[in-house]
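Build out the structure end to end from the sequences listed, making use of the hints.
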Amino acid sequence: MHLYGRTYKIKGALFHPDILVIGDQVVLRDILGKEAYSYEVKSPISRTLVERVIGRGLVWAEGDVHKRQRHELAPFFTFSAQAVRNMFNNVSTCTNIGVENLESHIINNANDPKQGLTVNIMESTESVTLDITGRFVLNYDFESGKSHIAKFFKETWKKQCSVSLYWTSVLGHVIIRAFPFIAHLPIPTLEAQLAVKKALRDIAQTAANQTVNEGQEKDLLTTMVRVRYGAPEMSSTIMYVLSTLRSISRRTMINKPDYQVCTIAFTSQDTTAGTLTFALHQLAMHPKYQSRLRDEIIQLGREPTYDDLMSRMPWLDAITMEILRLRPIGPHIERVAAEHTVLRFGNRVQTSDGAEISEVAIKAGQTIIIPIMAMNRLKSVWGDDADDFNPERWLDPARLEHVDRKFGWNGMLTFSDGPRQCIGYRMALLIFKTALAAYIRKLEFHDTGAVIHARFVGTLQPYIASEEEKGTQMPLRVTLVNESGVDPAY
3 MHLYGRTYKI KGALFHPDIL VIGDQVVLRD ILGKEAYSYE VKSPISRTLV ERVIGRGLVW
63 AEGDVHKRQR HELAPFFTFS AQAVRNMFNN VSTCTNIGVE NLESHIINNA NDPKQGLTVN
123 IMESTESVTL DITGRFVLNY DFESGKSHIA KFFKETWKKQ CSVSLYWTSV LGHVIIRAFP
183 FIAHLPIPTL EAQLAVKKAL RDIAQTAANQ TVNEGQEKDL LTTMVRVRYG APEMSSTIMY
243 VLSTLRSISR RTMINKPDYQ VCTIAFTSQD TTAGTLTFAL HQLAMHPKYQ SRLRDEIIQL
303 GREPTYDDLM SRMPWLDAIT MEILRLRPIG PHIERVAAEH TVLRFGNRVQ TSDGAEISEV
363 AIKAGQTIII PIMAMNRLKS VWGDDADDFN PERWLDPARL EHVDRKFGWN GMLTFSDGPR
423 QCIGYRMALL IFKTALAAYI RKLEFHDTGA VIHARFVGTL QPYIASEEEK GTQMPLRVTL
483 VNESGVDPAY
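In terms of my numbering, the sequence shown opens at residue 3 and continues consecutively.
It cannot be assumed that every hint is accurate.
What the hints assert, rightly or not - Think about it this way: if two alpha-carbon atoms lie no more than 20 Å apart in a straight line, the pair counts; the simulated SDA-like pairs of lysine to any residue are:
1) Lys11 to Lys36
2) Lys153 to Asp143
3) Lys11 to Leu380
4) Lys156 to Gly348
5) Lys290 to Phe391
6) Lys381 to Gly413
7) Lys381 to Gly348
8) Lys160 to Arg457
9) Lys365 to Gly65
10) Lys36 to Ile364
11) Lys11 to Gly413
12) Lys381 to Pro399
13) Lys365 to Gly332
Derived by calculation from the structure, the hints in this document are not laboratory data. Please read all numbers here as calculations on a predicted model, not as lab measurements.
What follows is the structure, encoded as structure tokens:
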């Protein structure tokens, strides 16, 4: 965007039409808002790949099917404030256990406790968010990432992401776009995707056979039923949920109701873990902001409450918004025109021959890329330091004078916008803030000097430059806040 402006086109590969890259807010309000269902969210091949990983759930759905599925799933994320507070206890418990596990690992393995221990922090963040997802969504215990199925899930996903780090994976996607039938062949990487889906479906079925404590609305599925469907008294509310989802499936053409459970579990776990990993890395590289956040937490004089985390901690808010701006876990999204249409720009666009145009015709089937990360780093909007991690920008209204806070979420499309906005973004913010505060309260994170790059492999994933063969990783040196490992405020 710095070179070509907010709107430009790139040549389509292997018989495909040109792809439009659009960052014009006027056009995007139409594409993501009032004309949202005139565009498909994914190309046919992307839908095929999504179906292989998590099935025909909300992420896969298009058009009327998506409308119905979102309507049925809305109660998951629109329950009462009291229900959210009840869920917060589970989230807090999981994060505290995860942090304590990391503390113990450092104490037991560091040669010098003062120097701490270098760890791949992804292993901890993924365990924490997987544990939260299990309890929050399924009332299922992943044993802090230590259970057999938790290890299988993490290892399979890591292998899949690691394979995608190589440049050959880009060529693979181009070939699959041209020859979609390849996606159905028994290729190892694609078979790994099927293994992930099967593991998630097994978890959903296991959850259906577990007992939920009566009267407690601490997991997402229980709350959905209590609030939306008025679940009867029964030994397992999860059983009632899946029964309800089976009824929904007959009305919404979902082949397997477990796919919605898979969708929620997969998207909430991976995306939040990635954002948390990048946040800890940025705080390790910017110790002054890490210290300010820790001071804010310590000054509470107690463990943060739900209200503290969500509305009473300005530094936590600023750091949260800044990492979601700088490192959106989905750096771009695509839309595919379902019909011939004309896009009308808010600002005139200069073509390669020097002419200026105010609109452009696109054909049905043509792909549009919305470059979220690039838009989040526009210097004309965010200032000359748009590429830098600087949470202070969110504490100074004058620095946000060019940011339209009503566009997307806080002026960003990190959670998309409109009818297809991330349905679980409030849940993601709750988990992220709770986990980040728990880590920073007890542990200090230090940069190791490793050059970290990020690549989009379904979600944004970190790796060490020139070490793609080692797969996704984020090495950080971790020390205890003090020698006893106990926060001075406690």
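Under the criterion that the straight-line Cα-Cα distance not exceed 20 Å, is the pair Lys36, Ile364 satisfied?
holds, 18 Å
Check the hint pairing Lys381 with Gly413 against an upper bound of 20 Å on the C-alpha distance.
holds, 14 Å
Is the Cα-Cα distance between Lys11 and Lys36 20 Å or less?
Measuring from Cα to Cα gives roughly 24 Å; hence the hint is violated.
Please verify whether Lys156 and Gly348 have alpha carbons no more than 20 Å apart.
Violated. Lys156 to Gly348 sits at ~44 Å, over the 20 Å cutoff.
Just to be careful, I want the Cα atoms of Lys365 and Gly65 compared with a cutoff of 20 Å; is the pair within it?
holds, 18 Å
Hey, Lys153 versus Asp143, does the alpha-carbon distance stay inside 20 Å?
Status holds; Cα separation ~13 Å.
Straight-line Cα separation of Lys11 and Leu380 no greater than 20 Å?
Holds: Lys11 and Leu380 sit about 18 Å apart, inside 20 Å.
Measure nothing beyond the straight line between the CA atoms of Lys290 and Phe391; if it is 20 Å or shorter, mark the hint as holding.
holds, 12 Å
For the pair we were handed, Lys381 and Pro399, check the Cα-Cα distance against 20 Å.
holds, 16 Å
Taking 20 Å as the top limit, are the C-alpha atoms of Lys11 and Gly413 close enough?
violated, 24 Å
Is Lys160 within 20 Å of Arg457, Cα to Cα?
Judged against 20 Å, a Cα distance of about 13 Å means the pair holds.
20 Å limit on alpha-carbon distance, applied to hinted pair Lys365 and Gly332
violated, 26 Å
Figure legend: structure checked against the earlier numbered hints; hints not met, in rising order: 1, 4, 11 and 13.
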